[in-house]
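Q: Chains as they are written, first to last, in UniProt numbering: chain S, 1 to 429; chain C, 1 to 429; chain F, 1 to 429; chain H, 1 to 429.
Derived from the structure by calculation, the hints contain no laboratory data.
If you're wondering where the values come from, they're calculated on a predicted model, not measured in any experiment.
You may find that some hints are simply not true.
Note: identical chains are not told apart, hence a pair may lie in one copy or across any two.
Said to hold, decoys possible - In silico DSS-like links for lysine-lysine, alpha-carbon gap of 27 Å or less:
#  : residue 1 : residue 2
1  : 156       : 257
2  : 151       : 417
3  : 33        : 261
4  : 419       : 315
5  : 249       : 261
6  : 249       : 259
7  : 254       : 22
8  : 315       : 110
9  : 259       : 429
10 : 207       : 395
11 : 396       : 326
4 protein chains.
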Amino acid sequence: MLELLNEEKVFKDPVHRYVHVKYKLIWDLIGTKEFQRLRRIRQLGTTYLTFHGAEHSRFSHSLGVYEIVRRIVDLFEGRKEWDDKNRMLSLCAALLHDVGHGPFSHSFEKVFDLDHEDFTREIILGETEVNQVLRQVDQDFPRQVADVIAKTHDNKLVVSLISSQIDADRMDYLLRDAYFTGVSYGQFDIERILRVMRPTEDQVVIKASGMHAVEDYIMSRYQMYWQVYFHPVTRSAEVILSKVLHRAKHLYKKGYKFKLKPVHFYSLFMENVSLADYLRLDESVAMYYFQLWQDEEDTILRDLCRRFMNRQLFKYIEFNPMVQLKDWRRLSDLFEEAGIDPNYYLEVDSSSDLPYDFYRPGEEEERLPIHLLMPNGELRELSRESDVVEAISGKKRTDHKLYFPADMINDLSSHRKAKEKIKEILHLK
Amino acid sequence: MLELLNEEKVFKDPVHRYVHVKYKLIWDLIGTKEFQRLRRIRQLGTTYLTFHGAEHSRFSHSLGVYEIVRRIVDLFEGRKEWDDKNRMLSLCAALLHDVGHGPFSHSFEKVFDLDHEDFTREIILGETEVNQVLRQVDQDFPRQVADVIAKTHDNKLVVSLISSQIDADRMDYLLRDAYFTGVSYGQFDIERILRVMRPTEDQVVIKASGMHAVEDYIMSRYQMYWQVYFHPVTRSAEVILSKVLHRAKHLYKKGYKFKLKPVHFYSLFMENVSLADYLRLDESVAMYYFQLWQDEEDTILRDLCRRFMNRQLFKYIEFNPMVQLKDWRRLSDLFEEAGIDPNYYLEVDSSSDLPYDFYRPGEEEERLPIHLLMPNGELRELSRESDVVEAISGKKRTDHKLYFPADMINDLSSHRKAKEKIKEILHLK
Amino acid sequence: MLELLNEEKVFKDPVHRYVHVKYKLIWDLIGTKEFQRLRRIRQLGTTYLTFHGAEHSRFSHSLGVYEIVRRIVDLFEGRKEWDDKNRMLSLCAALLHDVGHGPFSHSFEKVFDLDHEDFTREIILGETEVNQVLRQVDQDFPRQVADVIAKTHDNKLVVSLISSQIDADRMDYLLRDAYFTGVSYGQFDIERILRVMRPTEDQVVIKASGMHAVEDYIMSRYQMYWQVYFHPVTRSAEVILSKVLHRAKHLYKKGYKFKLKPVHFYSLFMENVSLADYLRLDESVAMYYFQLWQDEEDTILRDLCRRFMNRQLFKYIEFNPMVQLKDWRRLSDLFEEAGIDPNYYLEVDSSSDLPYDFYRPGEEEERLPIHLLMPNGELRELSRESDVVEAISGKKRTDHKLYFPADMINDLSSHRKAKEKIKEILHLK
Amino acid sequence: MLELLNEEKVFKDPVHRYVHVKYKLIWDLIGTKEFQRLRRIRQLGTTYLTFHGAEHSRFSHSLGVYEIVRRIVDLFEGRKEWDDKNRMLSLCAALLHDVGHGPFSHSFEKVFDLDHEDFTREIILGETEVNQVLRQVDQDFPRQVADVIAKTHDNKLVVSLISSQIDADRMDYLLRDAYFTGVSYGQFDIERILRVMRPTEDQVVIKASGMHAVEDYIMSRYQMYWQVYFHPVTRSAEVILSKVLHRAKHLYKKGYKFKLKPVHFYSLFMENVSLADYLRLDESVAMYYFQLWQDEEDTILRDLCRRFMNRQLFKYIEFNPMVQLKDWRRLSDLFEEAGIDPNYYLEVDSSSDLPYDFYRPGEEEERLPIHLLMPNGELRELSRESDVVEAISGKKRTDHKLYFPADMINDLSSHRKAKEKIKEILHLK
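All chains, full assembly: derive it from the sequences and hints.
A: Next up, the structure:
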């Protein structure tokens, strides 16, 4: 299982300096076409339209998560809980945890009701190069890797390396996204955090002396969410992208004749996507169609695609749909009146984040809280020790924005009255 | 001409921290669809297959060159040589100097006999959004910008900001490519270099006290060429890419029936590319076709595309075609014998670089040498003052590699004798 | 007043890259012997015994504060509130704000009842080279500079650059101390903060869009306090240093005969320090005496000096003097019993910090709160807008530690019983 | 010998992030008073007067060299050549290689004819805490450590870790001095270099694939020498410092009565320094005397000390003593005539460097050349493979400067004629 390469291979990585690979199994996984496909899927979706440096792919993030787990596992070497198989299991799960992502996951999943986690599972268990490589360990190994990623594996310690409030996934993406966007907020002292990690039976805990390093990590996370991940310009691009997909699906369903048949999208439109179909989809393919559709007959599809390709995004204002329901209805009517379809040109987008949570029973994305290992051997949940973390834990903050095409509204010439009213509600000058 | 935005805009940039835009003209140029298209063209072509961080686009590089020129021009403010028009000319030329690049320029230009400089000129002078924006200054302004980029403009000082041995273009790409690949070689003290730049009538010169900073820049350049730009693995991907394009063109010309008509490539295959055709081409479109072609009937096209998409590259050995001509012929014959078409599977690639040159009369890419401004007001050419630069100037170093599909050779089963001979010549075990 | 140097001078600075000086007045101030003296006083006192990189001096910090103010003032250029005199006033106050610091200020001020702010004022107003340089502007200028530093100047805006919750002093020391210690906590995006600063009549405020950058700065401050400034090992060295000074003073007062007369300390011991005496004191002089005193007759002075010079520090435990008063008395008695003088070998040290405070009326070190400038022109106090800041504002956290010489206790041979009891109370094994 | 600490200790280090100590022996060595004394000796002597950040001590450099050797030795773990004893020998030699340095070594050694290497040997072999700790290994161990540092030990591989053209000493000081001065020139990819190091019987060699990383290191070294180590302002301070020491010695020898007896200097003046005397000397002590001497009767000593303390340095011009011998004599006479003692106020300082040398037989500081390990197992000397290194190898470049007190010359009032002639020769305006 732990067959070594003749010579350790390294990848130059701007975040971790080097990614080290010494096992043949890992090298072979990286070489599979399903894993190479991640090069064609951006890590941060439409964020590159806000932060131009954010053009990095899920490929580099996946290598990064692997590298962090590799370093943790090396630090654990020699501990009895930690045999060869668990090490390889951790490394493979780290490398493959995102292998099922498709293009612009956020929008595609929402519009076409997909879940990348299902595809991750299928890629690991189905008839793929990845599965073939994993089976070299043993017949059951692919299932184990899939279970770790699905958080259902018995070995909770291994699961916690990949999925917890302070797992390798989050640590890599914060550092990496900060590096490529160029913001300074995502920095924290990962070397220190790795040094204070201690394995227990069912999770990794943190030596109490490392509490401040963990606080710093939590704050980085908080900042990255509000500064980068939920940036309103990025969400504007997301809104447009979703509208493109909705429109194309709608047109297809009502029998519209596309200039070039969008064969790659057929099974998406029918909500019946096979693994093979899915694997053919990447962001090049998506962008290819968006480019073509800039010249479609349908004015809505054409306009939305042009906006997306050329970054002519929607503007936004603060807007609370609960409070401002009447405004919303009024705007919708006025848009109709002015000949702008509100289904495609008026959208409320809400983002919310729980920067740290110690207990969210029943929530879908429940992650293990962080425990500190006190000098006396006791475990304490982080927010009970840290003022800063306590201050932000469990506090869900939500940001609502209303998106609309300011240029289109300003260009309205025939519906002067509706135009004036719209501009008034939207505070347009 | 110098109409200001209501409020200065900034782009967060990982290399220069922030890119500042205060002129409406610059903001509008960035918003044109021809400029936005640069987001879909990688700065370093196939390098991402060697350095996974190198996924950045020509869009970010173009902003970076603009930002460097902006800083230089700010430092020159108040000098009599330097009026508003020259400043705007410099900024526009900086921003647009690469606007004509197409997908994987290196391979596409070679195979289809294109020159991105022609398209840069066409984009600036033709019926484009870029041209429309530039004409807001005056009717002649687009031509002036094009002339600066083409190095034919009368104002040699402005030209030298964009094209010399130490221009904004080179400074940005060295820093940026180093940042995204993660190598440390490309670092130099740009802040110091900007501080010691002095404008003269026909070029920017460097105060003698800044000589060591410039030496460091020259050495960075030297290192980046050999460590990154000419990396043999990157060149392997280039070789395969060129072969894909050659094969597709060859098939098209002999009437092969593609599963999906490669309409985007028609004018390329016919070597008759209009600006409109060219602008529709980007790396998403190219990658879309390469993905499709993985399932083509033609075994050569199919194999090459799979190699490119899944990073199953050719191996290489040192090989000097001048000296080893006989080996080359022999190999070619043996490949034919074994049923491997040497036109597509055997290629010598040569890279060479002049790290610094003070005088290359008649050379196509002739760039101005660097002059030092001595305390007594005299100008001296850099390599006459610097031992290190003298040591490497004018020394063209060439690296030849022979590329071939080691896996295919190892899998040969029916041509055992040819196989053995091939492996012997290529030192394959 | 604003006489320029022939050529701008620069200092290479690891934190701000370059410190730029173009005014002759600033250059002359830096050259005064009172300012050069700051090279011989460490920025972080005894911290170098915990973080070995923290050997930087108040000289470099003072240049750094000047440089930040210079950049702010440049950004304000052209605003009507901001004339030449206010600019020069801000620059001089920034440069000189710490000029009155003496060696190991914290301990010396406490033991000898000094206040560096008094000496700052005296240096600026008294018969010094600094005063002579400042008077070149006009006779009243020194007083104005002193008033800005004392926060009593009428121009509240200028005062706020040097003394507020987000002033140049704090910004420089957080970045600088983080750089030299090597911890990552002190990082924040100063360039962004400078860009969102807006001058108002009586303070600098922050554009609301920059709120997250300010949050990040506040968190950096919080982390630096607990990770670096209040580090228990640093405080152990402070405790020993204070005891050295106390002992020397005590010996002097009771007529002890030092091997070499500690003439530099006489006026300190008598609590009657002239400016001339004070200026002769620096950390070289202090260290010289501590070294000599390692060989004094008095065993306590000798022992404490050896501990300080050779970093044989006191150990510590958590200890709350309010709660554990009885333990404290008991320990003190046991120390006496065992022949260890508790006045020199048993000490509780308490550190506490208010990471951010919006209103502390009547407090000695009251600093202006941070105001955000909302899009509608309104000002809002930071903690009303930021959850994170609200969470930590006004919360004073205190950390108490009890320091003692563990080695000395372990070496006790003749007082076995006292030893055992002491070890029990101190949890020594 | 390899007794472990209960828990690994770490030092936060800005250059290597963390310095790791797991052996009790190393921890004890760091705690000795001879090693702690290195905190009071700056790594770069008078350089802090040019680069204000360069206030770091030999203590931090020594830890850094230890850390690099620790990493190399860890990479070599498991190789047969490399037993426990050799590892400990390497670590101790790394830590202690500079332990014999005194204050401002360069000047003190020259003026008082000392050699820090003799003191290093004495500290390791004499009656010191260091010796006591080392003898815990065995009686002969101190001698072995001393031999490694003296390059006379049989194990050439161990010697080469500490003293070769690419040893841990040089690697640390280039990185560290670059970090603290803030210049960017000293950066190179140490992680890569460590990865390509291979131990052979008598030295560490470099895998050929790492050649460019080594080139980059050599160029860093070259740049640091000319940009930092030989900076003319630093040398001006060195010149003054040497003159101070000469003058004090001269005065002492002729029976001058100092206000305070310079007891710490007596044995230096007599050139008969015991180890105990030497260990009492550090930069605090030296600075203490220089400060006192600012108020001495002797005008030369007083003036020179004031210059040194307050950074009123000598100016300089390019001056080649071989060529300009006549000017030199003339100046010397004119100085005499004007009443300025040329023995103290006129000095030529020459710096020269061999950036890389493959063979310097008979030279005092002969260091092993760098060998590349070619893929075929052959060793080749670096400059035979690298153009850049070849270009600079063996080329000794020398820089001569003439130092003089420009202010004093300008202030001459009674010797107008001599003054004019002096100014003419020195190009003073």
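Q: So, for every hint listed, does it hold in this structure?
A: The hints, checked one at a time:
no.: 1; hint: 156 <-> 257; verdict: neither (52 Å within a copy, 55 Å between copies)
no.: 2; hint: 151 <-> 417; verdict: neither (56 Å within a copy, 53 Å between copies)
no.: 3; hint: 33 <-> 261; verdict: both (26 Å within a copy, 25 Å between copies)
no.: 4; hint: 419 <-> 315; verdict: within (16 Å within a copy, 64 Å between copies)
no.: 5; hint: 249 <-> 261; verdict: both (13 Å within a copy, 24 Å between copies)
no.: 6; hint: 249 <-> 259; verdict: both (15 Å within a copy, 25 Å between copies)
no.: 7; hint: 254 <-> 22; verdict: neither (54 Å within a copy, 47 Å between copies)
no.: 8; hint: 315 <-> 110; verdict: within (22 Å within a copy, 43 Å between copies)
no.: 9; hint: 259 <-> 429; verdict: neither (39 Å within a copy, 52 Å between copies)
no.: 10; hint: 207 <-> 395; verdict: both (25 Å within a copy, 25 Å between copies)
no.: 11; hint: 396 <-> 326; verdict: within (25 Å within a copy, 45 Å between copies)
The structure fails to meet hints 1, 2, 7, 9 from the earlier list, while all remaining hints are met.
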